Amino acid sequence: MPHRIDCDVVVIGGGPAGMASALSAWNHGARKIFILERNDYLGGILNQCIHPGFGLQVFGEELTGPEYAARYIDQLAKTSIEVMTETTVLDLTTNKKITAVNPKGVWEFYSESVILSMGCREKTRGMIFIPGFRPAGIYTAGLAQYLVNIEGYLPGKKVVILGSGDIGLIMARRLTLEGVKVEAVVEVRPSLSGLIRNYVQCLLDFELPLLLSHTVTNIFGKERVEGVEISRVDQSWQPIPRTERLLNCDTLLLSVGLLPENELSRKAGVSLCHFSHGPFVDENFSTDLDGIYACGNVASVFDLVDYVTFVSQKAGQSAAENRVKKPIKYQLNPGSGVGLVIPQRVRQVDDGWLFIRPDQSFRDGKVQFITQGKVFDQKRVAVCRPSEMVRYDLKNIHWPEEGGEIIVEIVGSSIEGI
Amino acid sequence: MKKTYDVIIVGGGVVGCAIAWFLSHFDLKTLLLERELDVCCGVSKANTGIIHSGSYLTPGTVKGKLHQGALSWFPKIEKELDFHPSVTGALTVAFNQDDLNYLKSLKKIGRYDDADILSPQESRILEPNLSDRTVATYYDPHAAVVSPFRLTLAFAEGAALNGVEFHFDSSVEGFDLQGKKIIVHTPNENYEASYVVNAAGLSSVKMAQKSGDQVPDLSAFKGEYFLLDKESQGLVKKILYPVPNSVSKGILVSPTPEGNILAGPNFESSCVDDTSTTPQGLNEVRAGAQKLVPRFPFNQTIQIFAGIRPTLPERDFLIFVSKKHPGLIHLCGIESPGLTASPGIAEYVGELLIQQGLSLKEKDQIIFRKAFPVFHDCDWEKREELIAQDPDWGQIVCRCEEVTLAEVKYALNMNPPARTMDGLKRRIRVTAGRCQGSFCQMHLPSIVMNLLNIGIQDLLKSDKNSNLFVGETKKVVNAHATPH
Amino acid sequence: MLKLSEAQSKESKQLICTSCPMGCSLRVEKDGEKIVVTGAKCKRGSQYAQDEMLNPKRTVTTTVVVMNGEIRRLPVRTKNPFPLRRISELIQFLSTIEAEAPVHVGQVIATNSLGEGVDIIATRTVLKRSK
Chain A
1 MPHRIDCDVV VIGGGPAGMA SALSAWNHGA RKIFILERND YLGGILNQCI
51 HPGFGLQVFG EELTGPEYAA RYIDQLAKTS IEVMTETTVL DLTTNKKITA
101 VNPKGVWEFY SESVILSMGC REKTRGMIFI PGFRPAGIYT AGLAQYLVNI
151 EGYLPGKKVV ILGSGDIGLI MARRLTLEGV KVEAVVEVRP SLSGLIRNYV
201 QCLLDFELPL LLSHTVTNIF GKERVEGVEI SRVDQSWQPI PRTERLLNCD
251 TLLLSVGLLP ENELSRKAGV SLCHFSHGPF VDENFSTDLD GIYACGNVAS
301 VFDLVDYVTF VSQKAGQSAA ENRVKKPIKY QLNPGSGVGL VIPQRVRQVD
351 DGWLFIRPDQ SFRDGKVQFI TQGKVFDQKR VAVCRPSEMV RYDLKNIHWP
401 EEGGEIIVEI VGSSIEGI
Chain B
419 MKKTYDVIIV GGGVVGCAIA WFLSHFDLKT LLLERELDVC CGVSKANTGI
469 IHSGSYLTPG TVKGKLHQGA LSWFPKIEKE LDFHPSVTGA LTVAFNQDDL
519 NYLKSLKKIG RYDDADILSP QESRILEPNL SDRTVATYYD PHAAVVSPFR
569 LTLAFAEGAA LNGVEFHFDS SVEGFDLQGK KIIVHTPNEN YEASYVVNAA
619 GLSSVKMAQK SGDQVPDLSA FKGEYFLLDK ESQGLVKKIL YPVPNSVSKG
669 ILVSPTPEGN ILAGPNFESS CVDDTSTTPQ GLNEVRAGAQ KLVPRFPFNQ
719 TIQIFAGIRP TLPERDFLIF VSKKHPGLIH LCGIESPGLT ASPGIAEYVG
769 ELLIQQGLSL KEKDQIIFRK AFPVFHDCDW EKREELIAQD PDWGQIVCRC
819 EEVTLAEVKY ALNMNPPART MDGLKRRIRV TAGRCQGSFC QMHLPSIVMN
869 LLNIGIQDLL KSDKNSNLFV GETKKVVNAH ATPH
Chain C
903 MLKLSEAQSK ESKQLICTSC PMGCSLRVEK DGEKIVVTGA KCKRGSQYAQ
953 DEMLNPKRTV TTTVVVMNGE IRRLPVRTKN PFPLRRISEL IQFLSTIEAE
1003 APVHVGQVIA TNSLGEGVDI IATRTVLKRS K
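Chains as they are written, first to last, in the numbering used here: chain A, 1 to 418; chain B, 419 to 902; chain C, 903 to 1033.
Accuracy of the hints is not assured; some may be wrong.
[Claimed, not checked] For lysine to aspartate or glutamate, the following EDC-like pairs were computed, each having C-alpha atoms within a straight-line distance of at most 16 angstroms:
1) C:981 x A:61
2) B:494 x B:765
3) C:959 x A:205
[Said to hold, decoys possible] Here are the simulated distance ranges between beta carbons:
4) C:933 x A:129: 50 to 58 angstroms
5) B:869 x C:1030: 21 to 29 angstroms
6) A:393 x C:944: 22 to 30 angstroms
7) A:335 x B:675: 41 to 49 angstroms
8) A:241 x B:628: 36 to 44 angstroms
9) C:983 x A:240: 40 to 48 angstroms
10) A:104 x B:869: 20 to 28 angstroms
11) B:807 x A:40: 15 to 23 angstroms
12) A:240 x B:691: 23 to 31 angstroms
13) A:31 x B:497: 54 to 62 angstroms
14) A:91 x B:534: 36 to 44 angstroms
No wet-lab data here; the hints were simulated from the structure. Quantities reported herein were computed from a predicted structural model and do not represent experimental measurements. Glycine residues also receive a C-beta, built at the ideal position from the N, C-alpha and C atoms.
Using the sequences provided together with the hints, build the complete structure.
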């Protein structure tokens, strides 16, 4: 017989989202809380993010990933929240029944609330159709980061990094500090994907080249990477013929996008949103299924762990309180200039936030809120980039009386180059 | 001191392993030599994995005859190797009158009573995602899909269980055909055998020519593939074949036994060691897949890959006894339907060996292979049972494919064992899922190093030079760390 | 009359300011003791440019070998920003030291590294390996 556990809240995933939501549920009165974590440690992705950039908003300090995780691990120790590590959830039903396995057996959880906080995974070579051979030496940047930082394994001696998002930039610096030659960071867009600070401190500080409007169009080497072909691309990201160039290297690092990990959400029948790739959530990070909540990167890739903490606290509170929900008043969709909005469903606007991710870099921008073809509110942004979500308090937006579909757009001048 | 065998098989692809398994039924000392570090590394690694039914035999050819012979072997394969193809059935799709005439010819041959020509409406009841330009389909319920890795490994395991030796990293450089016995040269050792079977796939023609036999030059034709996420399971439930053209069976869309969807292959000129995918090749496969399934969800792609066909001008299997030595048998040009025909080819090689004087005395007892459990395929009761027997069944190592530590240990210890990441992939599916190793590769390297007691320099993806890592951090002088 | 050292200390740099998302392009010129910043749209930018010219510093994070721990690498950081120009020396130094488990987050691994008055601290707790 499987072990059976009845409880108030089960949190799937013990990274920053899981820890913050579990603590919040505790602080709002829930008592029988379980965190189920597949690794044998808490902290999730924070453990490998050994660089600073975490906690400025939550703690007023700039911490490294592991330090940020430590704060939550310490807080957890002061509660009787149960943490089960080396435990992998393999099934979740619409009725919130969870089935998990670990070396001690099969576990079934029957819980009032379930919080999905499984994080995200990385886009791979096959998903972006890079032709060529399939040698050893092709790594996604996050995997390389884990191997270098936690295990101490060096993936290669000479690296080309595809993608100038923050993970790619951070790894450019990390590898350089470990004696690896970073040949170039290659970016398909005409502008930097990550933070300017990372461009300066990871690339400029070490004189590492950034090639904008380029992509990798072939991989050479039968057994181990021997080089990659890069090509210039046009506005639709299509390679321009006769612009091919060979870069010698033994490693290709891919930093080409993150995908929320929603296999369990799908199993449960939670409705998924095509632009965030995570569940549809409301301002309390409740999914469309009663008692199931989603927070952190599983809902949408957040760039700041501080934002993950904030939304996870909302989810934890909602899970503890499990209140009857008011009907959905507004359905939000991204329009021109916007990659995603989260939450996509708003019931009440007195509390909580709206996060918006631009789909390109803008200067002198205006975020416009539109209903029935009319702009009902707009807010200025001097500069906004895909790497940084724009956040507004819901109560600071002048919502229309009548509910319905709201489109969020950004207009402004495109930034080319850095 | 040379090691002596009755039979040496050169090549550990599906055909070499099938021959090994076949011969393992007899009282013989058999050795299989494989150039790479594992079985199933050449042609057998990258193909459609289809067991073509008898409807698709090419009559009057060696391939047709051996394909036919092979089909009767599958019940025995199921019994003795615990290997079970997924019988999905197939639809051959006609888009015009010429195509329809081909379907009619299939119907006329009438291999199976329950195969029939279906109308577009009937076809789309079976396959709702089939193109609405379909004029008719030929439905054959007997076609099946297999994992080519798992079939090759089943043959190899069965052979090893019954005494066949497997030596890897043993590239055959040449033969000494002067004496009664053949001397086989590899870089590390020389072997001696009464009979040698050249099943070296893409290298078999060169090997035959080198031994002095007249064989036409090999042409290598590449076929590229898209593999879709299991999310797309159900897109098609049967193999969809177009009507074959003059050069190949065409670009198919097929389910795989594990629940993925496969599209491919195209047919393009290449060379024997070029398994790279190309933009043009991939575009051809796209077009072919979309012809059958207009809304083929390429955005669900998790991997693209290519395989090489070893083709001879006659486009038939060339299996013959060497003119330079009565104990040497060559197998050349084993392209499609090589996978399907493999047991039939093995049986035919057995006949040739008898003809050449080898005495095949059946063993009294054959050890049957029992497939190791696949956690992913077990129900919850079975999973509980497994974990209770061994806690390693409760440790998930690969999230995408639900593979456990127990299976990793099995794969490293079985015969023939996995010694590379790709070897693990072929046996237990790690790195074959949607994340393509982003999760499992975090922990597997350390796990493998500990279990095999090897160092970082011995962790390989596939071949000898495919090191995963170049070393450890802190052990390299950082010449490039100077900020300006 | 300029001293030789001052005459030699004429320098200019093109910078991107990282103080806020604007990312203004700044030019900073040093002529002896005088520093001129052009392109800054705010005080933080001017200050940033001056700091970068006179004494650029960075928080440096890396790992060090840790013995007998649950994991094999301990993540560390400079407690305070460290001179940019000496980072490679620091990294070299850190590749030679080994920590011993247990180590606790915040624990000082090395003091006053390279005489720059900056400590190196652990950023993760690594307990002793149980086996």
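We went through each hint and held it up to the structure:
no.: 1; hint: C:981 x A:61; in the structure: holds, 12 angstroms
no.: 2; hint: B:494 x B:765; in the structure: holds, 13 angstroms
no.: 3; hint: C:959 x A:205; in the structure: holds, 11 angstroms
no.: 4; hint: C:933 x A:129: 50 to 58 angstroms; in the structure: holds, 54 angstroms
no.: 5; hint: B:869 x C:1030: 21 to 29 angstroms; in the structure: holds, 23 angstroms
no.: 6; hint: A:393 x C:944: 22 to 30 angstroms; in the structure: holds, 25 angstroms
no.: 7; hint: A:335 x B:675: 41 to 49 angstroms; in the structure: holds, 44 angstroms
no.: 8; hint: A:241 x B:628: 36 to 44 angstroms; in the structure: holds, 41 angstroms
no.: 9; hint: C:983 x A:240: 40 to 48 angstroms; in the structure: holds, 42 angstroms
no.: 10; hint: A:104 x B:869: 20 to 28 angstroms; in the structure: holds, 22 angstroms
no.: 11; hint: B:807 x A:40: 15 to 23 angstroms; in the structure: holds, 22 angstroms
no.: 12; hint: A:240 x B:691: 23 to 31 angstroms; in the structure: holds, 30 angstroms
no.: 13; hint: A:31 x B:497: 54 to 62 angstroms; in the structure: holds, 56 angstroms
no.: 14; hint: A:91 x B:534: 36 to 44 angstroms; in the structure: holds, 40 angstroms
No hint from the list above goes unmet by this structure.
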